[in-house]
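Novice: For the sequence shown, the numbering used here assigns the number -16 to the initial residue and increments by one for each residue that follows.
Note that these hints are calculated values from the structure, not bench results. One or more of the hints may lead you astray.
[Unchecked claim] Cross-link-like lysine to aspartate or glutamate pairs, in silico, EDC-like; alpha carbons within 20 Å at most:
no., residue 1, residue 2
1, LYS47, GLU93
2, LYS112, GLU63
3, LYS16, GLU93
4, LYS112, ASP70
5, LYS56, ASP90
6, LYS112, GLU88
7, LYS16, ASP45
8, LYS47, ASP70
[Stated by the list, open to error] Computed beta-carbon distance windows for the label pairs:
no., residue 1, residue 2, range
9, ARG36, ASN85, 28 to 34 Å
10, VAL20, SER48, 15 to 21 Å
11, THR40, GLU95, 16 to 22 Å
C-beta: ideal position from N, C-alpha, C; glycine also.
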Amino acid sequence: MMYRLPLLPAVLLLAISGPLQGAAEVKSNKEIKIGFVVELDGADRISGTAFCRTGNTCRLVDQKSPTLTLDIKVNSFYSEMEIDCEDDCSLPSGIRAITFDNTREFDIWEGETGVLIQSVFRRWERIGKIVLDFSYPKRTMRW
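The task is simple: from the sequences and hints, build the whole structure.
Specialist: Below, the structure written as C-alpha coordinates:
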(Lines of atoms letter the chains of each structure in order from A and count residues from 1; the text may use other names and numbers.)
(Lines give C-alpha, C1' and ligand atoms only; values in the text may rest on other atoms or scores of the structure.)
Protein backbone atom coordinates (compact mmCIF):
# COMPACT_ATOMS: atom_id res chain seq x y z
CA MET A 1 0.00 0.00 0.00
CA MET A 2 2.86 2.37 0.79
CA TYR A 3 4.36 2.06 -2.69
CA ARG A 4 1.13 3.49 -4.25
CA LEU A 5 1.04 6.56 -2.01
CA PRO A 6 3.49 8.68 -4.12
CA LEU A 7 1.17 8.20 -7.12
CA LEU A 8 -1.83 9.68 -5.34
CA PRO A 9 -0.83 13.37 -5.78
CA ALA A 10 -0.10 12.81 -9.48
CA VAL A 11 -3.46 11.11 -10.06
CA LEU A 12 -5.32 13.86 -8.20
CA LEU A 13 -3.51 16.54 -10.17
CA LEU A 14 -4.45 14.89 -13.47
CA ALA A 15 -8.05 14.45 -12.36
CA ILE A 16 -8.60 18.11 -11.53
CA SER A 17 -6.55 19.62 -14.35
CA GLY A 18 -7.97 17.70 -17.32
CA PRO A 19 -11.33 18.55 -18.88
CA LEU A 20 -14.26 16.34 -18.00
CA GLN A 21 -15.28 14.14 -20.87
CA GLY A 22 -18.59 15.32 -22.36
CA ALA A 23 -18.54 18.56 -20.40
CA ALA A 24 -17.14 20.87 -23.06
CA GLU A 25 -18.72 24.25 -22.58
CA VAL A 26 -20.10 26.28 -25.47
CA LYS A 27 -17.89 29.34 -25.28
CA SER A 28 -19.42 32.78 -25.48
CA ASN A 29 -19.85 34.37 -28.86
CA LYS A 30 -19.98 31.03 -30.72
CA GLU A 31 -22.59 30.72 -33.43
CA ILE A 32 -25.27 28.11 -32.83
CA LYS A 33 -27.83 26.96 -35.38
CA ILE A 34 -31.38 26.79 -34.01
CA GLY A 35 -34.15 25.12 -35.97
CA PHE A 36 -37.66 25.94 -34.78
CA VAL A 37 -41.34 25.23 -35.43
CA VAL A 38 -44.13 27.31 -33.90
CA GLU A 39 -47.74 26.15 -34.20
CA LEU A 40 -50.57 28.40 -33.07
CA ASP A 41 -54.18 27.27 -33.19
CA GLY A 42 -55.97 28.92 -36.09
CA ALA A 43 -52.74 30.11 -37.77
CA ASP A 44 -50.24 28.72 -40.24
CA ARG A 45 -47.23 26.83 -38.94
CA ILE A 46 -44.07 28.95 -38.70
CA SER A 47 -40.75 27.18 -39.17
CA GLY A 48 -37.22 28.24 -39.89
CA THR A 49 -33.59 28.28 -38.92
CA ALA A 50 -31.68 31.01 -37.11
CA PHE A 51 -27.99 31.42 -36.42
CA CYS A 52 -27.57 32.90 -32.95
CA ARG A 53 -24.47 33.83 -30.95
CA THR A 54 -24.22 32.56 -27.40
CA GLY A 55 -24.86 35.23 -24.81
CA ASN A 56 -26.89 37.40 -27.23
CA THR A 57 -30.66 37.62 -27.64
CA CYS A 58 -31.84 36.31 -30.99
CA ARG A 59 -35.29 36.89 -32.50
CA LEU A 60 -36.67 33.67 -33.96
CA VAL A 61 -40.15 34.91 -34.94
CA ASP A 62 -41.46 38.40 -35.65
CA GLN A 63 -44.89 38.01 -37.19
CA LYS A 64 -47.45 40.77 -37.71
CA SER A 65 -50.75 38.88 -38.16
CA PRO A 66 -51.47 37.39 -35.68
CA THR A 67 -48.88 39.30 -33.71
CA LEU A 68 -46.22 36.94 -32.37
CA THR A 69 -42.62 37.50 -31.35
CA LEU A 70 -40.30 34.83 -30.01
CA ASP A 71 -36.85 35.68 -28.64
CA ILE A 72 -34.21 33.28 -27.35
CA LYS A 73 -30.91 33.75 -25.57
CA VAL A 74 -28.56 30.74 -25.59
CA ASN A 75 -25.95 30.45 -22.84
CA SER A 76 -23.48 27.75 -21.90
CA PHE A 77 -25.68 25.52 -19.76
CA TYR A 78 -29.14 27.09 -20.06
CA SER A 79 -31.26 29.18 -22.39
CA GLU A 80 -33.90 31.85 -21.93
CA MET A 81 -36.97 32.25 -24.13
CA GLU A 82 -39.61 34.99 -24.22
CA ILE A 83 -42.88 35.03 -26.14
CA ASP A 84 -45.26 37.90 -26.91
CA CYS A 85 -48.65 37.25 -28.52
CA GLU A 86 -51.50 39.41 -29.83
CA ASP A 87 -53.72 38.05 -27.08
CA ASP A 88 -52.15 37.22 -23.75
CA CYS A 89 -50.21 33.99 -23.87
CA SER A 90 -47.65 32.28 -21.70
CA LEU A 91 -45.12 29.49 -21.60
CA PRO A 92 -45.35 26.56 -19.15
CA SER A 93 -44.20 28.76 -16.26
CA GLY A 94 -47.39 30.83 -16.52
CA ILE A 95 -45.45 33.93 -17.62
CA ARG A 96 -44.05 35.15 -20.94
CA ALA A 97 -40.41 34.24 -20.19
CA ILE A 98 -38.85 30.92 -19.23
CA THR A 99 -35.37 29.62 -18.42
CA PHE A 100 -34.66 26.05 -19.51
CA ASP A 101 -31.81 23.62 -20.03
CA ASN A 102 -32.47 20.48 -22.10
CA THR A 103 -36.15 20.91 -22.91
CA ARG A 104 -36.94 21.03 -26.63
CA GLU A 105 -40.76 21.25 -26.72
CA PHE A 106 -42.96 23.84 -25.05
CA ASP A 107 -46.70 24.33 -25.00
CA ILE A 108 -48.12 27.81 -25.45
CA TRP A 109 -50.99 28.58 -23.10
CA GLU A 110 -53.78 31.15 -23.28
CA GLY A 111 -53.49 33.93 -20.71
CA GLU A 112 -50.76 34.85 -18.30
CA THR A 113 -50.80 34.39 -14.52
CA GLY A 114 -47.54 36.05 -13.62
CA VAL A 115 -45.99 35.02 -10.35
CA LEU A 116 -49.21 35.20 -8.37
CA ILE A 117 -51.21 32.04 -7.73
CA GLN A 118 -54.92 32.50 -8.23
CA SER A 119 -57.15 31.13 -5.49
CA VAL A 120 -59.72 29.71 -7.90
CA PHE A 121 -59.44 26.79 -10.26
CA ARG A 122 -58.90 27.89 -13.83
CA ARG A 123 -58.78 25.65 -16.85
CA TRP A 124 -55.76 26.46 -19.01
CA GLU A 125 -56.26 26.31 -22.75
CA ARG A 126 -53.34 25.10 -24.83
CA ILE A 127 -53.18 27.34 -27.92
CA GLY A 128 -49.96 26.19 -29.54
CA LYS A 129 -46.59 24.55 -29.40
CA ILE A 130 -42.91 25.44 -29.87
CA VAL A 131 -40.29 22.87 -30.92
CA LEU A 132 -36.57 23.73 -30.91
CA ASP A 133 -33.55 21.93 -32.36
CA PHE A 134 -30.06 23.11 -31.38
CA SER A 135 -26.92 22.39 -33.44
CA TYR A 136 -23.72 23.19 -31.55
CA PRO A 137 -20.24 23.82 -32.95
CA LYS A 138 -18.03 20.78 -33.47
CA ARG A 139 -16.41 19.26 -30.38
CA THR A 140 -18.82 20.99 -28.03
CA MET A 141 -21.96 19.79 -26.41
CA ARG A 142 -24.49 20.90 -23.87
CA TRP A 143 -25.63 18.95 -20.87
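Novice: Each hint needs a verdict: does it hold in this structure or not?
Specialist: The hints, checked one at a time:
| no. | hint | verdict |
| --- | --- | --- |
| 1 | LYS47 with GLU93 | 18 Å, holds |
| 2 | LYS112 with GLU63 | 16 Å, holds |
| 3 | LYS16 with GLU93 | 29 Å, violated |
| 4 | LYS112 with ASP70 | 15 Å, holds |
| 5 | LYS56 with ASP90 | 18 Å, holds |
| 6 | LYS112 with GLU88 | 7 Å, holds |
| 7 | LYS16 with ASP45 | 18 Å, holds |
| 8 | LYS47 with ASP70 | 13 Å, holds |
| 9 | ARG36 with ASN85: 28 to 34 Å | 20 Å, violated |
| 10 | VAL20 with SER48: 15 to 21 Å | 19 Å, holds |
| 11 | THR40 with GLU95: 16 to 22 Å | 20 Å, holds |
In terms of the numbered hints stated before, the structure departs from hints 3, 9, listed from lowest to highest.
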